[in-house]
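S.K.: Residues per chain are reported as follows:
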Amino acid sequence: MPPPVHDAAIVFTHASVAYDRFPAVEQVNGTVRPGEIVALVGPNGAGKSSLIKAVLGLVPVVAGSIVVLGRPPAQARRQVAYVPQADTLDPNFPISVAQVVLMGRYRRIGWLRPPGRADRAAAAAALAAVGLEHRARDRFGLLSGGQRQRVLLARAIASEPAVLVLDEPFNGVDVVSQEALLGAVRELTARGAAVIISTHDLTLAQSACDRVCLLNRRQFAFGPPADVLTPPLLRQAYGGAALELADHGLILAR
Amino acid sequence: MTDLLIEPFGAPYMARALVEGLILGALCGAVGVYVLVRRLAFLADAITHTVFPGVVIGFLVSGQSGIVPGALVCAVLAAGLFTLVTSTDRVSDDATLAVLLTSFFALGVVLVSRQRSYTADLTAFLFGHILTIDRSDILVTAAVAVLAVLVLLALGRPLLAGAFDREWARAAGYRITLLDLVGNMLIALVVVAAVQAVGTVLVIAMLVVPAATARLVSDRLPVIVAVAMGLGLLGAWWGLAASYSASIDHGVRLSAGATIVLVLVAGYALALLGRVAHRALARPATATR
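As given, the protein sequences belong to chains C and W, one line each in that order.
Numbering follows the UniProt record's numbering, in which position 140 of the first sequence is assigned residue number 140; successive positions increment by one, without gaps.
Numbering follows the UniProt record's numbering, in which position 50 of the second sequence is assigned residue number 50; successive positions increment by one, without gaps.
Keep in mind the hints are simulated off the structure, nothing from the lab.
These figures come from a predicted structure and were not determined experimentally.
This list has only true hints and no planted wrong ones.
Computed beta-carbon distance windows for the label pairs:
| id | chain 1 | residue 1 | chain 2 | residue 2 | range |
| --- | --- | --- | --- | --- | --- |
| 1 | W | V73 | C | T88 | 36 to 46 Å |
| 2 | W | V73 | C | G64 | 43 to 53 Å |
| 3 | W | H278 | C | H134 | 19 to 29 Å |
| 4 | C | L112 | W | L5 | 34 to 44 Å |
| 5 | C | D87 | W | L273 | 29 to 39 Å |
Every beta carbon over 10 Å from chain W, so not counted as near; a handful from chain C, in silico:
| id | residue |
| --- | --- |
| 6 | N44 |
| 7 | G45 |
| 8 | V62 |
| 9 | A118 |
| 10 | A121 |
| 11 | A125 |
| 12 | G131 |
| 13 | E160 |
| 14 | A208 |
| 15 | L233 |
To be clear about the criterion: a stretch of chain W counts as covered by chain C if any three or more of its residues have a C-beta under 8 Å from a C-beta of chain C, and this derived list gives those stretches:
| id | segment |
| --- | --- |
| 16 | 144 to 156 |
| 17 | 162 to 168 |
| 18 | 209 to 221 |
Heads up, the beta-carbon is just placed ideally off N, CA and C, and yes, glycines get one too.
Generate coordinates for the entire structure from the input sequences, incorporating the hints supplied.
M.R.: See the structure below:
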């Protein structure tokens, strides 16, 4: 029996997404339910980032639909938190870790009111959830790449989102930070948040995610990792970028 | 020392220059921090050139009193066009600015080359005339300062979020293009307000140098804003005093606007030296962190 509508955090229905007027990914179908982690997997240029931006309402859906929390993506933004790649940010920017996390509260705080006690407490709790409460006063750029990624996740957690969207959060991240990121994400899903993670890391998609969406310009499969991350499907999606091993394993070029 | 720093401002024209300089110093210090974190120094520089045709047209239409309105129209136009063109992400910021800067400036040159009686006023435009500033000039600067305070208080957080992480700010629902427009317009207003006092060539120093100095001194944004404003105030005060003392007491004519800038740059040099020294001394300690 299909889940009732209000049990779906994000619903993709024959969704096609265009980036800069060119189609980036087509025919995406599937549902992300509250409390589950869905991995977006595919080679470079597969359209993972475009699909993520469409969920955030930053890139248009040109055919079909994407419905986030029952609304068009651009109208669901207050309950959606985005975690960009930390290495896209200027490490020299004069901002402390605590200030970055507090940004997650900005939309709740409003325009003129100063941040209140509840906002500071939520920011502090979010920073503790990623294990970096002792770095609150440090400048953001002084942290390691993995730690910066955790701070950006803390900013998302501070906004108490119903949907969490992470763009390649494990790129160049050390094992400690990867564990901290996953632990904090699981805490959110335990509270009912729906999570989308785009990643190159198939092992991680297999072990940490409830379902996987396999993409390359279109959707090749959407389902449990064991059903999606199979050599035949991966070979289809990755095409010439897949190298077969003698024992039926695959090596995937990025 | 007190004589040197207080006495020059007994004369009414020096008192007016001081008031104008202090307002501008604090204003440029605060807005300069936004210029710094958004990396918009080149925009500020371009606006100083794009106001040129406005100044000429303003002067032709209604003489000296037409300069500020003319400059304002051109600055606002340039800041608006810049925001519009760069919001498409198709053309890079610096290329857009180069096109705007040269086309506006060329227009100004064409207009001014058709005039003969313009040279004296043009010098004032290039280097400012802080010593002959009048009450209405001060009122314009004060109005811009009040507006800047209001904008920075109301939009400080969105502007900070947009400067630090544009894509996240967009995803959070902020209208980045609108925020850019407000920020760019603010820079345009400050440039126009400061052009009267220090001229187009030096206004960029008023905006960028105190903020850059403050950045050398601190990593914390509130501290940077406070230090930049303080440096702007000190630069105006000490610069005017030094220029007065050199000209009156020692017979060496020092341009007031340029002296203000030189004081600011001296502060920057000191901060840079201090930072280099601090790093050399602290290196073993920071390595273990």
